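Engineer: Based on the provided sequences and hints, a complete structural model is requested.
Chains as they are written, first to last, in my numbering: chain A, 1 to 913; chain B, 1 to 101.
Simulated from the structure, these hints should not be mistaken for laboratory data.
Here the structure is a predicted model, which is why all the values come from computation and not from measurement.
Positions of the beta carbon are idealized from the N, C-alpha and C atoms, including for glycine.
A few of these clues could be false.
[To be verified] To spell it out: a stretch of chain A is covered by chain B in this simulated footprint if at least three of its residues, at any positions, have a beta carbon under 8 Å from a beta carbon of chain B; those stretches are: (1) 173-180; (2) 201-210; (3) 214-225.
[Unchecked claim] Computed spacing ranges between beta-carbons, pair by pair: (4) B:SER22 / A:GLU407: 58 to 66 Å; (5) B:ASP82 / A:GLU154: 26 to 34 Å; (6) A:GLN40 / B:ASP82: 37 to 45 Å; (7) A:GLU154 / B:GLU33: 44 to 52 Å.
Below are the chains, spelled out letter by letter.
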Amino acid sequence: MASLADESIIAEFVAESREHLSVVEPDLLAMEDLGAKVSQEVINRVFRAIHSLKGGAGFFAFEALKRLSHAMEGVLMLVRDGKLQPTPEVMDSLFTGVDRLRAMLDDIQASEGVPIAKELAALEAILGGQGVKVGETVKGREKGTKRDFDLDAESVRSALKRGMNLFRAVAYLHRDIKDQGMAPLAFLNNALSVGTCLDAFIDIEAIADLEHCLEEDLPVTLLFATVLEPDLAALALKLPAEQVKALEVKALKESLKAKPGKVSEAPAPAPEPAPAPAEPEAAQAEPEAAAEGSPDERSEAKGPREGSKDTANETLRVRVDLLTNLMNLAGELVLGRNQLVRAINDYRNEIPGLGAILQNVNQVTTEMQEGIMQTRMQPIGTVFNRFPRIIRDMSRQLSKQIEVQIEGAEVELDKSIVEMLVDPLTHIIRNCADHAIESPAERKKAGKNAVGVIHLHAYHEGGQINIAVHDDGRGIDAKKVLAKAVSKGLVSKAQAGEMTEREIVNLVFAPGFSTAEQVSDISGRGVGMDVVRTNVEKLGGHVEVETEVGMGTTVRLRLPLTLAIIPSMIVGVGEHRFAIPQVNVVEFVWIKASEVAQRIEQVQGALVLRLRDQLLPLVRLADTLGIQRTFQDPETGEVKEDRRASIADRRALAGKPPQEAPEREGDRRKDWRSDYNIIVLRVGKNQYGVIVDELFDIEEIVVKPLSMFIQNTRCFSGATILGDGRVIMILDAGGVATVSQLHFTDLQAEELRRAEEERRKAALKASRRRSVILFEGAKGERFAVPQDHVLRLERIVRSRIEHIGDREYIEYRGEGLPLVRLDRHLEVRPLAQDLKELFLVIPKVPGQDATARPPAGILISEILDALDVEVELKKVEFKGPGLLGSAVVQDHLTLFLDPIDLLRSAGLVGGAA
Amino acid sequence: MATTNSTPGTLRIPSGGNLVASTVEERRKVAMEALATPCTEAVLDLSGAEVVDSLGITLILGLFKTCQQRKIGFRVEGANPDLMRVFKLFSLPKLFPIQER
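Structural biologist: Here it is in structure tokens:
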């Protein structure tokens with residue numbers, strides 16, 4: 001490697017190369033899918049990427065990298081020229097080549113140790129099959145050996161002193177000078193018009209002798225000083241951007257210090273020239289064709305250079321550690337701002353203008369912090385885009401047909417989160433392909449399309465990012481999962497019997513769980529989904545599974561947008577303060593001390609809060625974290641230990657109205673200090689309440705990682721520093737729920753049970769609701785008959801009653817209407833004899849027309865009311881015809897009658913008595 | 001391009017005009033033939049050349065390499081100021097002596 005090759009330049013090369021490869025893979029997939037129909041643009045894009053990588057590798061003397069990319073470039077060139085079809089064999093060689101290149105880039109300094117013989121052999125076999133020797137295709141481009149610039153250190157110092165940037169520019173005598181219509185002198189004059197050439201040399205290693213010398217395109221390497229920025233320097237020199245590299249001034253200065261008299265700067269081997277529309281030979285062989293290319297083709301060929309001009313002003317490559325440092329500084333600034341605001345907030349009114357200044361500082365700090373956070377955001381597509389390739393390989397290996405669909409690739413997440421998502425998502429995707437998606441034959445048999453689909457979808461929801469991986473495969477069979485879990489001893493048989501389907505499906509996240517019949521290269525070792533959950537939870541996220549047998553499975557990851565600075569609710573328990581990320585907070589519920597007994601109850605031994613028809617499991621944060629619970633004595637104000645075992649077990653019994661609970665002087669139930677502050681938290685789809693002593697403000701907190709000694713504490717996700725300088729822990733909502741052993745599924749079952757009970761009660765209530773006529777027989781004896789059983793109520797004069805034998809009649813609408821006295825059929829008292837006016841209840845016979853002659857009238861003393869009542873009839877001790885039961889109506893015991901039954905008993909209506 | 005041996009062991013190779021794309025191939029062949037003559041030093045005479053383009057420079061360097069391989073000396077004479085400037089900027093005088101016209 002070059003003597004002064006700065007590590008940062010190599011790191012930049014590696015980063016650039018990785019970017020090139022990330023672009024290459026989708027294009028290779030397109031080449032494979034479209035075969036000969038693939039557009040030249042796609043092939044050229046791949047070619048350019050590999051070519052650039054090769055150029056850099058040559059420049060830094062990474063020989064293995066160069067050799068492999070060189071062979072790949074040769075194959076790509078044949079494809080581009082239509083001399084080779086992108087067959088599966090060809091594409092395999094390119095894909096595996098990309099894999100090896102990536103492996104070498106992962107540890108560039110050890111890249112020579114990465115075995116590439118197999119990949120090279122495959123590529124060479126393809127090239128050999130086309131009658132091309134490796135190296136032949138790119139003849140003239142592989143030259144270059146080390147050589148240092150040799151110049152006066154003073155001139156370098158002078159250039160640096162004048163604020164110039166230093167560049168290593170490489171111009172090829174043919175391509176960059178002759179072919180551009182310039183003489184060397186014109187090229188140099190042009191260069192010297194925009195800067196100073198501190199040194200230059202021609203690399204003549206490529207020339208063997210006079211016989212073939214004219215075929216070689218020799219690189220001229222210049223150490224060039226100019227005030228121009230890199231992108232403009234390349235333009236000014238009329239060279240491709242890749243051939244103009246900025247030198248790190250710091251390294252130069254150090255070099256100057258080390259060797260005051262002389263600078264030996266930079267590895268001289270020339271970088272590869274910019275991708276050209278054609279190889280030198282092709283250009284020479286077909287000069288006219290090249291010249292006559294369509295404007296589009298020409299512009300495409302110039303792509304990289306023009307592209308750099310277009311994008312140079314829009315993007316800038318910045319080292320991640322710089323951004324991380326900026327992020328940390330922004331975090332410190334936010335902390336400082338919080339402390340400042342807290343410290344001088346009390347002086348707002350005393351110092352004129354202070355309020356506005358604080359507001360300004362506040363706003364600018366927030367905007368700056370958001371802006372810096374934005375610089376770290378990366379589209380999730382950087383992870384998603386690797387899956388089509390993985391699935392391609394797996395499909396072949398598994399003899400399955402699988403299509404990957406990507407939606408929401410543009411959704412952005414913090415870089416650190418994106419990086420940590422790679423493993424979990426890869427596990428999920430591999431599981432989908434291996435376990436979930438069936439073989440084509442199975443799918444057809446099940447009436448499905450032979451091609452299985454894995455759908456990756458990223459979207460925003462409630463301040464979080466959701467990533468859903470859905471497959472249309474066989475789904476998760478809860479029975480199989482349970483059987484496997486029992487056989488592996490993950491759950492006992494007793495536990496198995498009590499598990500809900502949801503709990504069973506969630507066993508896939510248990511360590512060591514796998515339903516795969518065989519352990520394969522791909523999966524089946526049972527480490528995947530456990531890793532998924534662990535990694536996602538480490539990110540402050542949550543993972544859940546939904547599945548339907550035969551239809552497919554969705555694994556959903558809910559993640560925070562960023563991990564660095566988050567708005568959080570500060571809460572207090574005893575003397576302690578904790579931060580709860582606002583993204584987990586749903587709402588606050590304040591329960592008055594006097595209402596606790598009605599609002600909080602116990603279900604299967606666990607505290608629950610009834611909140612808008614929902615049962616919310618409750619956690620006392622003090623108990624979960626092992627903090628002594630305290631309360632403030634209402635009389636003395638003294639803080640004492642709270643020894644009550646359960647809120648729901650307080651002196652007032654759950655379900656009883658407050659007035660039934662005994663009260664006494666100084667009762668804590670009446671004191672506001674005994675009110676309960678409950679924060680409702682969201683963990684995935686579930687919610688639960690956390691009881692805390694105090695609620696403070698919402699603050700933007702800077703997340704600091706936990707010390708390694710407490711990293712395994714599940715309740716905390718980090719620490720932060722408050723405005724008052726106090727260090728507090730950040731609660732992990734998921735961890736608190738886990739440590740508190742909350743059983744959401746139990747509550748869901750309880751909710752369902754209660755809902756069913758409510759429905760049943762409502763139905764019963766509806767059945768009990770009735771409209772009645774309330775009347776009095778003997779004085780003080782009340783009766784009720786259903787209104788729909790009454791045809792008419794009539795007032796009569798007692799003197800009009802006629803007697804025939806034992807029976808009584810009254811003339812009613814020109815006919816004799818039989819009268820019925822209640823005391824003759826029921827064990828009730830007779831009507832008072834002194835009443836001059838009486839009333840008749842004329843029953844309505846079911847099925848009889850309203851104009852038909854009524855069968856009889858029941859004599860009563862007074863009509864009291866017509867009303868709707870909801871009553872539950874109780875059996876009466878005595879029996880009698882038509883007696884439905886009794887109930888208390890308007891605070892009086894009332895007998896409910898069925899009048900038709902009564903008349904039937906009296907023989908006045910037909911039918912069984 | 002004619003070649004002469006004015007000094008014993010020295011092979012003078014005149015440029016025969018400009019060394020540009022249209023002439024270099026012919027000059028290369030002539031130089032090849034000239035170098036078939038045993039000598040201890042080869043001198044390229046650029047006094048007849050006003051312009052040397054990229055291919056011309058490549059030819060000069062090819063000549064130099066051949067001489068180097070054959071372990072014979074090589075130098076350039078008669079370069080005009082413009083050519084001299086180019087040669088200097090490309091550090092050619094570090095490879096072989098170049099004499100300005």
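Engineer: Does each hint fit the structure? Answer for all of them.
Structural biologist: Results for each hint:
| no. | hint | result |
| --- | --- | --- |
| 1 | 173-180 | holds (count 4) |
| 2 | 201-210 | holds (count 7) |
| 3 | 214-225 | holds (count 4) |
| 4 | B:SER22 / A:GLU407: 58 to 66 Å | holds (60 Å) |
| 5 | B:ASP82 / A:GLU154: 26 to 34 Å | holds (27 Å) |
| 6 | A:GLN40 / B:ASP82: 37 to 45 Å | holds (42 Å) |
| 7 | A:GLU154 / B:GLU33: 44 to 52 Å | holds (47 Å) |
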